[in-house]
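There are 2 protein chains.
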Amino acid sequence: MIVSALLTSVGINTALCVLFFTFYSILRKQPSNYKVYIPRLLAQGASLTTPFNLKKLIPSPDWIAKAWSLSEEDLFSLSGLDALVFMRLITFSLKIFTFAGVIGIFVLLPVNCWGNHLEEVDIVDFAANSLDVFTISNVNSGSNWLWVHFIAVYFVSGFTCLQLHHEYKYIASKRISYFYSSKPQPHQFTILVHSIPSSSSCSISDSVESFFRELYPSTYLSHVVIRRTNKIQTLLSKAKNLYKRIGQLRSDPTRKYKNVDLCGLFGSKDDRIDHYGKKLEDIEQNVRLKQSEASLIGESCSMFKEARAAFVFFKSRYGAASAFHLQPSSNPTQWITEPAPQPHDVYWPFFSESFMRQWISKLVVIVVYILFTILFLIPVLIVQGLTNLEQLEILFPFLTSILSVKFVTQIITGYLPSLILQLSLKMAPPVMWFLSTIQGYISHSDIEMSASKKVLWFTIWNVFFATVFSGSVFYQLYVILDLREITWKLAVSVPAQASFFITYVATTGWTSVSSELFQIIPFICSLIKRPFTRPEEEFEAPSLAYHRDVPRILFFGLLGITYFFLAPLILPFLLVYLCLAYIIYRNQFINVYAPKYETAGRFWPIVHDSMIFSLVLMQMIAAGSFALKKISPASTWMFPLPVLTLLFNYYCRKRFLPIFTAYSGESLIKKDMEDQKDNASMAEFYNKLLTAYKDPALFPIQHASRDDSLASPLLS
Amino acid sequence: MIVSALLTSVGINTALCVLFFTFYSILRKQPSNYKVYIPRLLAQGASLTTPFNLKKLIPSPDWIAKAWSLSEEDLFSLSGLDALVFMRLITFSLKIFTFAGVIGIFVLLPVNCWGNHLEEVDIVDFAANSLDVFTISNVNSGSNWLWVHFIAVYFVSGFTCLQLHHEYKYIASKRISYFYSSKPQPHQFTILVHSIPSSSSCSISDSVESFFRELYPSTYLSHVVIRRTNKIQTLLSKAKNLYKRIGQLRSDPTRKYKNVDLCGLFGSKDDRIDHYGKKLEDIEQNVRLKQSEASLIGESCSMFKEARAAFVFFKSRYGAASAFHLQPSSNPTQWITEPAPQPHDVYWPFFSESFMRQWISKLVVIVVYILFTILFLIPVLIVQGLTNLEQLEILFPFLTSILSVKFVTQIITGYLPSLILQLSLKMAPPVMWFLSTIQGYISHSDIEMSASKKVLWFTIWNVFFATVFSGSVFYQLYVILDLREITWKLAVSVPAQASFFITYVATTGWTSVSSELFQIIPFICSLIKRPFTRPEEEFEAPSLAYHRDVPRILFFGLLGITYFFLAPLILPFLLVYLCLAYIIYRNQFINVYAPKYETAGRFWPIVHDSMIFSLVLMQMIAAGSFALKKISPASTWMFPLPVLTLLFNYYCRKRFLPIFTAYSGESLIKKDMEDQKDNASMAEFYNKLLTAYKDPALFPIQHASRDDSLASPLLS
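If you're matching them up, the sequences are chains A and B in order. Quick note: the first sequence, position 225, residue 225 per the numbering used here, numbers continuous. Quick note: the second sequence, position 618, residue 618 per the numbering used here, numbers continuous.
Treat the hints with care, since some could be wrong.
The list treats identical chains as interchangeable, and a pair is accepted whether it falls inside one copy or across any two copies.
[To be verified] Here are the simulated DSS-like cross-link-like pairs (lysine-lysine), alpha carbons at most 27 Å apart as the crow flies:
1. K677 <-> K688
2. K453 <-> K362
3. K654 <-> K453
4. K670 <-> K315
5. K362 <-> K169
6. K278 <-> K240
7. K596 <-> K240
8. K231 <-> K278
Simulated from the structure, these hints should not be mistaken for laboratory data.
Let the sequences and hints guide you as you build the complete structure.
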């Protein structure tokens, strides 16, 4: 990889960025695109129509200023603590990379280029320099200049740990103060109990009632047994599809449906609307029937069997917490308790699963995850093949003439490989999310967090270890399992990949982030969908997909920390990337994302742990590199650093982690005491609590303006 | 190693056993030896004098019958649940090895000797056979007879898992029923809180009072702040030594003390008694003064600073448990709670430690433990050298003539090595116990359990891995760290050590167990001590040292499981060993050991986990062995077995482990309800509770009959 190839990539990329920016700045002002660009504001009831204005056709950067000036308090009131913590992740990374960047660019880069170097930088034909000239590989073995790198590693490790501690402390205190300032919320008074033992003499509901009333007579309030509603769910999704189809038919008066449609139905448009309308009525009738059946509590012969799970409500937060913390039954596989998620956070399909399958599905998920992660190497290896021109020429001799064009070469080596890798990696989040849904989690937030971890390790393994230790799958495993030489092997192969990752960050990092910033894909999708949607159709604003966004930022953080002393050139590109991400996420929180639930920053420990992982990895590579470069004292003195880092992590786990898993007795009891001062509003709250956890499948069917459209005469 | 050497060892050993048995059967009947042989009965107040009887001089085996016929209920009422669980460990091992023994001796041994064998068994000169003839090494590579071993491994794994499940279930149920049948006990109503934040405005005691009274107004009862009493403890131990010395002087009227004693004091015996008596009085006066100072609660200027720890008492078990389970403060490093140990179980010296040192000492202990475990290899390697006659002859040429005597050869190769190993291993339990005491545990039982684990892994590493992978320390680590080839290397080296371990079990196993059974060492010690002890001196019966006895049984269990298919010859020796152990421990429970505290079998999970470890180890070795012997399908089909075993272990952890860490809410509340029926006795219990946790250093000094002996005129 030479400098000119990098510059080509960066150029393409910057051009794309500017293009996207211009499009975005114009398109976002058109009311027809509001659904794409400001769904959040629309969902909140913002008006669709604004008077025509010439300004609408001129790109303007005012939204950047708006996003930039958003204060932390505004962000918190707008999108909650989760969004604030997510933004802290980006600013945290910015801080670290600014510090590391200053050291890297002003200290390490000159040392690499002009210290005790192997190769001279070609100032005259700058673009023809290999990127290796700027990395640690350019420093002579045994050179004392390497001690500069040694000191830099210690400095950056120390600074990162300090910042990690600061952030953990800050977010923990935010979490506590969020709890203190919160109003009574249903999930604070509720636990979920499952694996309730079934008995022939009484129903699940009776068992729950007698068990908890006996154990906690003073704090137990009530309970709701969960019912298996998968049949209703199937019917409801059928009804939704039919309703959509009718909508499509009605909204487009010009189109003729002469050909056979999917149901094999001939006839005019109106006949079809009529037909679908009747079908919809039938299904809705059926749903209502089943809903009323399901709500007959205590009827064990009902076709909607009670699941062996229930939400149990308590009169106080402390009551719920102590019922959760003390294992209720002497048999630990019965009456298993979990803190209840927020009502909107409950993942209802889970309760349709048989609880006996939970264990097996968990095992299956683990096996599938491991297989998927390992087999995913194949596209990665193909990508690596593309970076190697000679191999391409051997495989496809007819390409020789094209490959000899300089620009094509630069695109192929500089841009394409990382783009393909990036696109194939896009598969990971939905797959991991799907795997997590069948793993038995009861809430969306748990699924998101589990999927986050899966995506993160998937990415680390595939992008980092797999591209670093190239070879067959089994050879990879074989190398990893040899713990003796892992440091050595990392030190040999990680720096060799430096130029690849510099390009990766500088190109696909930007492309990906800018295409999302400017909502390119949603805009194209909306163009395709537009004929089929009706303007008044109800829609929800999307919420931030933590399993996609958190691992992405974390992965770039990992790259930056690992490479900062090997190839400091990566840092300015990372900083630009992070700045773009900073603006994006602040903007798409204002306009696009609306939080559906609040975990109060419960995902921060994942961030902390992965940062520690990347620090230790960097330190191991440093130790190996110094050994390779034959200054063994530096290698030896590097070893206390990972030990200290892990000790620091151990301390943080003791000091902060418990705050992220449960609230303390002190805070629960203080909040309870506050509540007791206002008896009237608590009574009202208890009433609401009893209906807070209702399966959405049991809600009455409501389609926006259904009655108006379907009940009205079809031909007026 | 040839059969005759083994037979020599077994012979020596059996002779020793019989000798010890005869001695024991006579000596135990002599009243002068009661302190050695029946301390427990003595401590319970059994009479020392019995009429003279001729039977006293004839060895009799009646105690064996008594020990054998002891029922489980008797054992439980005699020594509590811990002893019962300990005996279950032995009977469990007996069951497993009987099953494995039948398969091993009647199926595997014939296959090894006469299947598709490498070497013929020499029936004529049986004693000249190598032990290898009886092991798996005698089976030809590629022989289909190895499938018999394969099936045996599956069978024994299945049987062991079934038994493990059965035992876990049984002991868990015993634990629950023990709790249900127990009377109110102080530790059930108490928690220990430490790391109490200090404030300048109020004392520790006031902080505790206000904190818990505010949080738990309905269940909080009272508290006791722990004081640093290390100075009193030092004085008390000085007083104890002086008292002992006076006792020695008074008990031996014949001895003349002409020479200078340790205090540099000349003079007659009476002068010295006088001098020591005065010194003792001074110290005791000092102790009383300091005790009264220390008990002035709330005086922060007192020289006995309050430690930042307290026992907090609650009105109900549930109150205590929920205060423990819910982290009390929002800062997880303050107000750290632990369930209180039983009053007799408290390890008081711990509270003299500064709490800030706790973390550091823990780290130091881990480092020291690792170093000790690794450096201990040196004696082990020397021991290995002894088994190699040729090396000895090279090192010590003058021994050549002695070494050529057949009997000496047999002793050196068969008996000495394992004896030396056994003796050096005896160092481990006290060292590990010491390490555990400074690790910050608050109870003797925690220390015992932590030391148990340390000793177990120490033994496994040193006896098993170290003797198996002979070589330098670093080479050992180097081999272990290469996870790829560990199965292969185990399979190569473990079977090669088979004959060593057969001898090890058949000789030192018996010697050690029989010498303890017959209390040889305590008897010799008592002979040496006797002139210095007074018959009426108070003494305590020893309690079972779990950190010594549990790992020992477990280690032989490990050997048996690992070697059962490699060298089935080990099993009959193990069975004899276990039978001896069975009788011993049933007898050292009737007569010797008296339990000081009760953990209700809390150490069983250690047993379970180490059995699982040995099963997986055995299965890995089996997979490697079959690969070595070139029947790769057997090797491949061995791999599901460790996976299944680990899944089984995972299930057991979910199903049973929580029962061993805490009692369930259900059981706590039910017991509380029972108590509430009897108000009067609960009021009495609460009164007792307040004084249950008193530092022994603050008790008034009491030496048995001190007043009689010291207050009486010295010359009458």
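When the structure is checked against the list of hints, which entries are broken? Sort them ascending. Of the numbered hints given earlier, the structure breaks none, since each of them holds.
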